[in-house]
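Chains V and E, in that order, give the protein sequences.
Position 117 of the first sequence, counting from 1, maps to 97 under the numbering used here, and the rest follow consecutively.
Numbering-wise, the numbering used here comes out as the position in the second sequence, counting from 1, plus 772.
Wrong hints could be hidden among the right ones.
As the list claims (entries may be wrong) - The calculated DSSO-like cross-link candidates involving lysine-lysine, where the alpha carbons are at most 27 Å apart (straight line), are: (1) E:Lys777 with V:Lys(-10); (2) E:Lys851 with V:Lys44; (3) V:Lys84 with E:Lys777; (4) V:Lys5 with V:Lys65; (5) V:Lys83 with E:Lys781; (6) V:Lys44 with E:Lys845; (7) V:Lys111 with V:Lys10.
As the list claims (entries may be wrong) - Estimated spans, in silico, between C-beta atoms of each pair: (8) E:Tyr841 with V:Ser99: 45 to 51 Å; (9) V:Glu23 with E:Glu828: 34 to 40 Å; (10) E:Asp788 with V:Arg172: 24 to 30 Å; (11) E:Lys845 with V:Arg98: 51 to 57 Å; (12) V:Tyr(-16) with E:Glu821: 14 to 20 Å.
Unchecked claim - These stretches of chain E come out as covered by chain V in the derived footprint (C-beta under 8 Å, 3 or more residues): (13) 775 to 783; (14) 792 to 799.
Everything labelled a hint here was simulated from the structure, so no lab data went into it.
In this text, a Cβ means the ideal position worked out from N, Cα and C, and glycines have one as well.
For reference, the chains in residue letters:
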Amino acid sequence: MSVYDEILVKKSQEGDYLSFEELVKRYESKIYNLAYRIMGNKEDASDVLQETFLQAFRKLSSFKGKAKFSTWLYRIAVNICLMKKRKKKKMEIVSLDLPILTKKEDEIKRELRDDWSRSPLATLEHEEVKKTLSQAIDLLPEEYRTVFLLRGLNGLSNQEVAKVLGISLAAVKSRLHRARLFLRDKLSQYFREYGSRA
Amino acid sequence: MMDFKKLCKLLSDYFDEELESDICAEIDELVSEDFGCKVLFNTLNRTIELCEELEEEIEVPEEVHIRLYEFLKIEMRKK
């Protein structure tokens, strides 16, 4: 936990509400962005933001400082997001296994013909690439997207993501890697199609 | 011995600098010798870079910010 967070948490636990407001100020944007990317809309992101800080405020007395405050807070936010998503999906049949996301190695190798990495079009200034990538991120199954977002958007380390999600470090690495391979594959598909159009 | 299958499993760790230097050297060697490996290496690297560039932060809308603070103030008064 950063020293400043630690001081603010301690003061908040002693009843200094201004310190809690300072914690809110420090993490409001990060939590909102995370919720927005997981939930996919501003209304749900706003609800998650409010619910996260409400739960944090109510549970703060039981926070012992064993983990970073940010890790604890992200965990609350992710749990709220996942609960909301589950509620929305409750009529669907959900598999307990992680979906198979990436192709087998020999299949990947067969498709490796073009190196688009240095193409002048492989930039976000090219709107279609930006759109393809954003859509591909949205297509990631929830388990992968959450890891991907916590690592990328919130800049957490693999170890921190493991703590937030309560999963092993190996699982974090594996999901992050599969997510990246999936996105790479979607971009490769785009460039193949773009090449055939040109 | 490094091969395409191993490379497929290790590349993210390579880009996250989480591999031992001898394994990195094996990857570098394979990538310099094999076209398919090089394509995978370059395109995955570019994908990660593009993802990082995409991660622009959205601002919390003013009304959401105000509502959050009002809500927390009410909650704090209850204590």
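We went through each hint and held it up to the structure:
1. Between the alpha carbons of lysine 777 (chain E) and lysine -10 (chain V) the distance comes to roughly 50 Å, so the proposed pair goes past 27 Å and is violated.
2. Proposed proximity of lysine 851 (chain E) and lysine 44 (chain V) is supported: the alpha carbons are some 20 Å apart, at most 27 Å.
3. Under the criterion of a C-alpha separation no larger than 27 Å, the hint pairing lysine 84 (chain V) with lysine 777 (chain E) is consistent with the structure, at around 9 Å.
4. Distance check on the hinted pair: lysine 5 (chain V) and lysine 65 (chain V) sit about 26 Å apart at the alpha-carbon level, within 27 Å; holds.
5. Distance check on the hinted pair: lysine 83 (chain V) and lysine 781 (chain E) sit about 12 Å apart at the alpha-carbon level, within 27 Å; holds.
6. Only pairs whose Cα atoms come within 27 Å are accepted, and lysine 44 (chain V) paired with lysine 845 (chain E) is accepted, the gap being roughly 24 Å.
7. For the hint pairing lysine 111 (chain V) with lysine 10 (chain V), the CA-to-CA distance comes to about 23 Å; that is within 27 Å, so the pair holds.
8. Between tyrosine 841 (chain E) and serine 99 (chain V), the C-beta spacing of about 47 Å keeps the proposed range 45 to 51 Å intact.
9. Checked against the given bound of 34 to 40 Å, the beta carbons of glutamate 23 (chain V) and glutamate 828 (chain E), roughly 21 Å apart, lie outside it.
10. Look at aspartate 788 (chain E) against arginine 172 (chain V): about 27 Å separates their beta carbons, and that is inside 24 to 30 Å.
11. Take lysine 845 (chain E) and arginine 98 (chain V): their Cβ atoms lie about 54 Å apart, and the range 51 to 57 Å holds.
12. Between tyrosine -16 (chain V) and glutamate 821 (chain E) the Cβ separation comes to about 32 Å, which falls outside the hinted range of 14 to 20 Å.
13. Counting residues of the stretch 775 to 783 of chain E whose C-beta sits closer than 8 Å to any C-beta of chain V gives 5, which meets the bar of three, so the coverage hint holds.
14. Residues of the stretch 792 to 799 of chain E lying with their CB closer than 8 Å to a CB of chain V number 0, which falls below the three-residue condition for coverage.
Checked against the numbered hints given earlier, the structure breaks hints 1, 9, 12 and 14 and satisfies all the rest.
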